[in-house]
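Trainee: Here's the letter readout for the chains.
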Amino acid sequence: MSDSGLVGVVLVSHSNDVASSTAELARGLAGRDPVAPVAAAGGDADGGFGTSSEAIIEATRKVDQGAGVVVLADLGSAVLTVKALLADGDELPDQVVLADAPFVEGAVAAVVTASTGASLDAVATAAKEAYEYRKA
Amino acid sequence: MDPVLDAAFFLRWLAAATEVMDREGDRLTELDSAIGDADHGINMRRGFNAASDAVAKEPPDTPGGVLVGVGRQLISKVGGASGPLYGTALRRAGKSLGDADHVTPEQLRDALLTAVDAVSELGGAAPGDKTMLDAMVPSVQAYGAALDSGAGLTQALAAAAAAADEGAAATIPLQARKGRASYLGERSIGHQDPGATSIALLIDAFARTAKGDADE
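Protein sequences, first through last, are from chains L and A.
Take the position in the first sequence, starting the count at 1, then add 2; the result is the number in our numbering.
Take the position in the second sequence, starting the count at 1, then add 22; the result is the number in our numbering.
Derived by calculation from the structure, the hints in this document are not laboratory data.
We treat Cβ as the ideally placed atom computed from N, Cα and C, and that holds for glycine.
Certain hints may be false.
Label-pair ranges, simulated between beta-carbon atoms [unchecked claim]: (1) L:Arg34 with A:Ile194: 53 to 59 angstroms; (2) L:Ala89 with A:Gly150: 22 to 28 angstroms; (3) A:Ala148 with L:Leu27: 34 to 40 angstroms; (4) L:Leu27 with A:Glu80: 41 to 47 angstroms; (5) A:Glu208 with L:Arg136: 28 to 34 angstroms; (6) A:Arg45 with L:Gly50: 20 to 26 angstroms; (7) A:Pro149 with L:Ser121: 39 to 45 angstroms; (8) L:Asp35 with A:Glu80: 45 to 51 angstroms; (9) A:Glu143 with L:Lys64: 25 to 31 angstroms; (10) L:Tyr135 with A:Pro149: 34 to 40 angstroms; (11) L:Lys64 with A:Asp48: 36 to 42 angstroms; (12) A:Ala78 with L:Glu131: 47 to 53 angstroms; (13) L:Asp35 with A:Asp121: 48 to 54 angstroms.
List of simulated lysine-lysine pairs, DSS-like, C-alpha gap at most 27 angstroms [unchecked claim]: (14) A:Lys79 with A:Lys117; (15) L:Lys85 with L:Lys130; (16) L:Lys130 with A:Lys200; (17) L:Lys64 with L:Lys85; (18) A:Lys233 with A:Lys117; (19) L:Lys85 with A:Lys233; (20) A:Lys117 with L:Lys85; (21) L:Lys130 with L:Lys64.
My request is simple: use the sequences and hints to build the entire structure.
Mentor: Below, the structure is given as structure tokens:
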């Protein structure tokens, strides 16, 4: 448990619609009040498909309550941009981690877990464990 | 006479690189439309123009400062996978040069090796995967081998540019194992990798800057 607010979740997708809708879905399925802060960083800087590092930075700052931020990314440049920001930059808040997780299932798991007041590690692990939910 | 590797040299390189992205961007996008998402030239053009604008406003006074500044702009402005890859490569290379006001050709080699490591680590690719590394790795090797055999900067960069070109051409028969092109499987064979091609253009810009004919 954290005494400095809830862990935040940032969803980075090539598509603004995918990121925003996944955030809405995860919030809706969390079914708790308060629900953990979730922010979408979708699409490129011009509103097309792609990745905007500025949107990612802004989203992490927005959901940072001091307990850390878990980022989920869809693929390609979304993943690489988060990794590049984590590896070298000073633009992100402290305690940001990229979850190795499936995007939609991981987002739901992360937001549900974060809303219970779980730690940064627990939220990232919950997102990752969403890979283990087999469908066939 | 070999030029001094000071901030002015790297700023001349940036001008040459920006010019070549403006000129060759359409070809990069065309290559990318065969196996990628048809935006590589557009992205590189946007990134290098943003970098040129940023350094024109506040010109860094060290080689490391120039490369870190360009890298930061590429991560911020490119919008595709090449942004974080090129950006991290240049940022790490720049950091490895520290705050010296000029660097030796050997220090440039170490910086280029750092860039190769940064790209491998971030993208998880290896030589032969049909990526920018297929131009970078032989190019840095050729540069180092030329220095070891007594060549000066200009000659070593010419060797690096030739090896990068060959490396890019050698991606044509390869099957992509990273990025969007890898989803195409065998259909990625027969096309030159856009990332390896843009690396060759950037190394060639270094070679031409050293040779003093970057403006031609």
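Trainee: Going through the numbered hints above, which ones does this structure break? Give me the numbers in ascending order.
Mentor: 19
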